[in-house]
Amino acid sequence: MTRGKATAAAGPPDVEPLEHEPPEQLQRAQAERLEKAWETPTGFRYWSAVNNTEVGLWYTAMAFVFFLFAGVLALLMRLQLATPNAGVLSADHYNQAFTVHGSVMMFLFAIPIFEAIAVTLMPQMLGARDLPFPRLAAFGFWCFVLGGLFLCGSIFFDAAPKGGWFMYPPLTSAYQPGIGADIWLLGFSFIEVAAIASAVELIVGALKCRPPGMRIHLMPLYAWYTLVGAAMIVFAFPPLICGSMLLEVQRAFDWPFFDPARGGDPLLWQHLFWLFGHPEVYIIFLPSIALVAMIVPTFARRPISGYGWVVLAAVGTGFISFGLWVHHLYTTGLPGISLGLFSAASSAVAIPTGVQFFCFIATLWAGKVKRSVPMLWSVGALAIFVLGGLTGVMVALAPFDFQAHDTFFVVGHFHYVLIGGAIFPIIAGLYYFYPIVSGKLLSDRLGTIAFWLAFVGFNVTFMPMHLSGMRGMPRRVFTYPEGLGLELPNLLSTVGAFVLAAGVAVVVADVLWPKKRKSPRDPWGAGTLEWVQEMPAKPWGIRSIPEIDGRYPLWEQPNLVRDIDQGRFYLPDAEEGLRETLVTSVIDAKPQQCQRLPGPSFIPLVGALALGGFFIFGTFHLWWAAVLSFVLSIGIFWRWLWVGSAVKPERATKHVGLGLELPLYVSGPASVGWWAMLITLLAVFTAYVCIVFGYFFFWTVRDDFPRPGANGPGLFWPLLGGAGLLAAWALTLLARRANGNDRGLRFYVSTALAMVLAACGAAALLAGPWATGLTPSAHAYDAIVWLLMAWTVLHTGAGVVMLAYCFVSRLAGRMTARHDIDIQNVVLFWHFTALTAAITVAVTAGFPLTT
Amino acid sequence: MSEANESLWWLAASPLIWAAHLLLSYGVAAIFCAKLAAASGSLWPVQLFIFALTAVALAGIALIGARGWRRHRLGGSKLPHDADTPEDRYRFLGFASLLLSGVSGIAVVYAVLPAVFIGSCR
Chain A
32 MTRGKATAAA GPPDVEPLEH EPPEQLQRAQ AERLEKAWET PTGFRYWSAV
82 NNTEVGLWYT AMAFVFFLFA GVLALLMRLQ LATPNAGVLS ADHYNQAFTV
132 HGSVMMFLFA IPIFEAIAVT LMPQMLGARD LPFPRLAAFG FWCFVLGGLF
182 LCGSIFFDAA PKGGWFMYPP LTSAYQPGIG ADIWLLGFSF IEVAAIASAV
232 ELIVGALKCR PPGMRIHLMP LYAWYTLVGA AMIVFAFPPL ICGSMLLEVQ
282 RAFDWPFFDP ARGGDPLLWQ HLFWLFGHPE VYIIFLPSIA LVAMIVPTFA
332 RRPISGYGWV VLAAVGTGFI SFGLWVHHLY TTGLPGISLG LFSAASSAVA
382 IPTGVQFFCF IATLWAGKVK RSVPMLWSVG ALAIFVLGGL TGVMVALAPF
432 DFQAHDTFFV VGHFHYVLIG GAIFPIIAGL YYFYPIVSGK LLSDRLGTIA
482 FWLAFVGFNV TFMPMHLSGM RGMPRRVFTY PEGLGLELPN LLSTVGAFVL
532 AAGVAVVVAD VLWPKKRKSP RDPWGAGTLE WVQEMPAKPW GIRSIPEIDG
582 RYPLWEQPNL VRDIDQGRFY LPDAEEGLRE TLVTSVIDAK PQQCQRLPGP
632 SFIPLVGALA LGGFFIFGTF HLWWAAVLSF VLSIGIFWRW LWVGSAVKPE
682 RATKHVGLGL ELPLYVSGPA SVGWWAMLIT LLAVFTAYVC IVFGYFFFWT
732 VRDDFPRPGA NGPGLFWPLL GGAGLLAAWA LTLLARRANG NDRGLRFYVS
782 TALAMVLAAC GAAALLAGPW ATGLTPSAHA YDAIVWLLMA WTVLHTGAGV
832 VMLAYCFVSR LAGRMTARHD IDIQNVVLFW HFTALTAAIT VAVTAGFPLT
882 T
Chain B
445 MSEANESLWW LAASPLIWAA HLLLSYGVAA IFCAKLAAAS GSLWPVQLFI
495 FALTAVALAG IALIGARGWR RHRLGGSKLP HDADTPEDRY RFLGFASLLL
545 SGVSGIAVVY AVLPAVFIGS CR
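Residue numbers (the numbering used here), protein chains in the order written: chain A, 32 to 882; chain B, 445 to 566.
Keep in mind that the hints were calculated from the coordinates and are not lab data.
This structure is a prediction, so every number in the text was calculated from the model and none was measured.
All C-beta atoms in this analysis are idealised placements derived from N, C-alpha and C, irrespective of residue type, glycine included.
Any given hint could turn out to be false.
[What the hints assert, rightly or not] If you only want the chain B side, here are some residues facing chain A, beta carbon under 7 Å, derived:
(1) Trp453
(2) Leu455
(3) Ala457
(4) Ile475
(5) Leu544
(6) Tyr554
[Claimed, not checked] Straight-line Cα separation of at most 30 Å, DSBU-like style, residue types lysine-lysine; simulated pairs:
(7) Lys549/A / Lys569/A
(8) Lys546/A / Lys401/A
(9) Lys569/A / Lys67/A
(10) Lys401/A / Lys522/B
(11) Lys479/B / Lys399/A
(12) Lys471/A / Lys399/A
(13) Lys621/A / Lys479/B
(14) Lys685/A / Lys67/A
(15) Lys67/A / Lys547/A
[Stated by the list, open to error] Short, incomplete list of chain A residues facing chain B, as computed with Cβ under 8 Å:
(16) Trp340
(17) Val346
(18) Phe350
(19) Phe353
(20) Leu693
(21) Val697
(22) Val732
Generate coordinates for the entire structure from the input sequences, incorporating the hints supplied.
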């Protein structure tokens with residue numbers, strides 16, 4: 032420890048807690064005020080709670096409910112496959128079952144459980160009272176529940192999607208007329224909104240809400256993994272959102288993006304889907320294995336070996352996983368060089384993945400391992416995942432994949448990866464972190480029984496699948512004939528599946544069983560900050576926010592728990608009765624701001640219902656109701672921002688304890704809101720880039736692109752539209768400056784002009800394809816030009832609403848020269864609008880000139 | 445040693461070079477094979493391009509790795525760089541960017557191998 036020894040050049044020395052215990056009466060008064068500020072609402076208002084402890088719990092519980100639902104579907108499929116030519120499920124029901132099983136496991140369990148666990152644990156690990164956008168997290172949760180129930184419910188009406196979890200067209204575009212595919216496309220687009228919302232929250236949380244002194248190299252490994260996983264969501268989900276949009280537009284309005292007869296190409300879907308789908312596997316894996324990275328040091332009784340190497344593994348895997356998507360397209364007839372490139376990347380990803388496993392093994396080797404249930408599940412996870420990783424390297428090799436593609440070998444492979452890489456670690460995490468949530472301990476005996484049932488059952492289920500796959504059993508076919516040697520492996524798989532299910536049932540029983548065994552504080556003797564928590568937890572999360580000096584503060588900082596409990600650190604009080612937490616700098620976690628957090632509200636729930644209406648009515652082609660819902664949701668979001676964000680504080684700064692005075696209001700890049708806006712815009716921009724990719728993809732693979740005879744959208748209208756939007760952007764910059772200089776009139780005039788020019792520019796963009804007679808249902812060229820224009824216009828529309836918001840905000844006195852969060856964030860949005868407009872014009876008007 | 449001079453982008457630099465290398469190699473090969481060459485056509489212009497690109501990518505990664513190495517070795521300190529000082533933060537970020545350069549370099553070498561062995565668009 033080098034407390035207080037830092038030189039002046041290295042910044043101020045670390046801060047020590049208060050030397051003397053505050054008077055007991057003061058401590059009690061402080062605790063009461065904190066309790067009041069962070070009180071969980073009761074009665075029906077309980078559902079308006081936004082605190083991470085409630086939202087995280089609901090999120091986790093709901094994700095597990097969906098997990099069990101999809102698990103039951105899996106058992107039904109195994110019953111059907113237990114014997115040849117069985118009649119448990121019809122072919123159609125089997126199609127629905129495997130589609131819903133895969134989709135629910137991926138979209139309603141694996142991704143949400145990451146967000147759920149992270150939302151629950153990250154504030155505790157970072158000693159933050161909550162993450163910076165609690166209402167956004169609640170909104171994400173409600174979107175998830177609504178979209179999830181919609182999708183799962185469809186199977187009871189025999190209307191579920193049945194195109195497989197990756198929904199390939201033309202099967203899903205031309206041969207499935209029911210609403211199943213629409214439910215999938217719109218329901219999951221809605222849930223992806225929730226995923227991106229959580230990702231924003233988690234990235235800003237990890238970077239800006241660490242406790243003072245927790246420098247970037249002292250951050251818990253879980254936070255590193257979460258940061259990487261959330262950043263991956265920001266770039267991986269938009270391709271799917273883009274692809275879903277194209278497919279839904281084709282289904283609803285007959286724009287032929289995937290129809291080869293009219294200039295489209297179904298392979299575009301495969302590219303977009305797997306640009307999402309492969310990173311997705313690692314988005315699931317990294318945060319789950321992160322739980323193991325927290326569990327291993329605790330039970331090895333020593334710090335992790337190779338912290339830097341684990342960071343390498345997390346960040347390296349995060350990047351390389353984006354370069355693997357084409358290995359799902361090995362059998363589509365791509366040139367050998369393309370296969371080779373992606374085979375190389377698919378093999379390379381094994382390196383960082385292996386590195387972290389060696390770090391875990393080294394930690395266990397160097398430590399004195401204490402046996403425990405979380406450790407048992409963790410070791411089981413490593414064993415299973417390594418096997419899945421090895422078959423992964425096998426299918427990464429194109430010649431082997433040609434044989435194994437679309438057989439049960441692949442089914443066996445990815446269940447080893449996903450169950451070893453996610454389910455086992457998550458159950459390990461459940462046993463480990465259960466006391467944090469409930470203040471009780473789960474049963475060691477039941478945990479051990481469950482483990483052995485699940486471990487044996489798992490291997491008996493999935494090991495024989497490699498064999499049945501090699502013998503030629505295709506996936507997604509509802510039965511198989513006798514006499515091909517498939518009877519025994521299938522029967523074994525079915526028996527194993529029920530043993531595995533029994534293991535899961537024991538875990539569920541253990542969780543639900545009323546418990547008397549109260550957990551002591553820090554029951555495992557862990558070293559990381561989340562374990563300073565009182566048992567059971569107080570709603571405030573942490574009594575005072577400590578100064579951190581190392582990676583394992585509970586092992587390294589004497590008297591830490593006492594000092595936190597007695598309020599000897601930062602923010603020991605809530606004098607104004609408001610929820611507050613600290614915002615710190617990205618690299619060295621120096622305190623920068625005292626951030627006020629919003630309290631309970633029904634707005635996230637109502638907002639999710641309204642936005643959900645848009646997607647759900649859209650599924651049934653009730654366009655007016657859908658548009659109405661959308662307008663309603665914009666109104667709700669407006670209200671949300673108006674009352675709940677960028678609130679002017681009663682004074683400029685606040686004393687947060689230990690002699691530190693921090694601002695209560697900051698704007699621009701110093702504020703968390705600006706970062707959230709930036710991250711959201713990166714996601715939106717990525718989705719847009721995917722449409723542009725579609726344009727050039729068509730050009731590459733089609734000889735009739737641009738459509739012969741098409742002379743749209745021409746130069747005149749696109750250039751005029753682009754000029755209008757760039758002028759609106761320039762005026763937005765002027766408006767920001769006018770607001771900063773407190774020149775009211777100039778601000779209003781620039782804002783109003785910007786809105787008018789934006790509207791004209793948008794109209795001109797649409798005039799281009801309209802005036803030149805491009806017909807979107809005639810050819811993929813016409814369709815993608817229209818779509819690029821429409822996207823830019825929608826983006827501009829949002830920008831106009833934001834400008835109007837700033838206009839009114841200043842008029843109402845909410846926004847002033849100093850309190851300018853609104854206009855700062857809107858300018859950021861307009862940077863992206865200008866960029867989008869410039870690219871749209873360059874591509875649609877400029878590119879046809881070159882061909 | 446101030447955090448104002450530090451940036452997390454250095455961690456992403458080498459992996460981003462790897463990504464650019466992969467995407468450019470893939471894109472150029474795909475467009476070449478779809479637009480310019482027959483299925484059995486020779487791939488030599490693309491091979492040459494990928495080799496040149498690889499040299500540039502590896503040089504960039506080596507520079508970033510060397511920068512990381514220098515930072516990691518500041519003052520001759522040893523791992524694990526876990527002290528609560530700006531110096532150890534500086535060393536750690538250097539070390540992490542060195543490791544990421546290592547894995548990015550290996551991945552770039554992997555990616556160039558197909559261009560060594562595959563000479564046509566088949």
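Tested hints:
1. At a threshold of 7 Å, the smallest CB-CB gap from Trp453/B to chain A is about 11 Å, leaving the interface hint violated.
2. The interface hint given for Leu455/B holds, since its Cβ lies 6 Å from the closest Cβ of chain A, which is under the 7 Å cut-off.
3. Annotation: interface hint on Ala457/B violated; nearest CB of chain A at approximately 11 Å, more than 7 Å.
4. The criterion of a C-beta within 7 Å of any C-beta in chain A is met by Ile475/B, whose closest approach is roughly 6 Å, and the hint holds.
5. A hinted interface residue such as Leu544/B counts as satisfied when its beta carbon comes closer than 7 Å to some beta carbon of chain A; here the least separation is about 6 Å, so the hint holds.
6. Residue-level restraint check for Tyr554/B holds (minimum Cβ-Cβ distance to chain A is 4 Å; threshold 7 Å).
7. For the proposed pair Lys549/A and Lys569/A, the alpha carbon gap of about 15 Å is at most 30 Å, so the pair holds.
8. For the suggested pair Lys546/A and Lys401/A, the alpha carbons sit about 24 Å apart, so the restraint of at most 30 Å is met.
9. With a CA separation close to 11 Å, the supplied pair Lys569/A and Lys67/A stays within the 30 Å bound.
10. This hinted pair checks out: Lys401/A and Lys522/B have alpha carbons roughly 29 Å apart, not beyond 30 Å.
11. Distance hint between Lys479/B and Lys399/A is unfulfilled; the C-alpha atoms sit about 62 Å from each other, more than 30 Å.
12. For the proposed pair Lys471/A and Lys399/A, the alpha carbon gap of about 26 Å is at most 30 Å, so the pair holds.
13. Between Lys621/A and Lys479/B the CA atoms are separated by roughly 55 Å; this puts the pair beyond 30 Å, and the hint is violated.
14. Note on Lys685/A and Lys67/A: the hinted pairing holds, with a Cα-Cα distance of about 20 Å set against a maximum of 30 Å.
15. As the CA atoms of Lys67/A and Lys547/A are separated by approximately 28 Å, the hinted pair is consistent with the 30 Å bound.
16. Interface hint at Trp340/A: satisfied, since its Cβ lies 7 Å from the closest Cβ of chain B, which is below the 8 Å cut-off.
17. The closest approach between the C-beta of Val346/A and any C-beta of chain B is roughly 6 Å, which is under the 8 Å cut-off, so the hint is satisfied.
18. Satisfaction of the interface hint for Phe350/A is found here, the shortest Cβ-Cβ separation to chain B being roughly 4 Å, below the 8 Å cut-off.
19. Because the smallest distance between the Cβ of Phe353/A and any Cβ of chain B comes to about 7 Å, under 8 Å, the interface hint for this residue holds.
20. For Leu693/A, the interface hint is violated, the least distance from its beta-carbon to any beta-carbon of chain B being 17 Å, above 8 Å.
21. The restraint placing Val697/A at the interface with chain B is violated, with a minimum CB-CB distance near 17 Å, outside the 8 Å limit.
22. Interface hint status for Val732/A: upheld, as the beta-carbon distance to the closest one in chain B is roughly 6 Å, under 8 Å.
Hint check: violations occur at hints 1, 3, 11, 13, 20 and 21; the rest are consistent with the structure.
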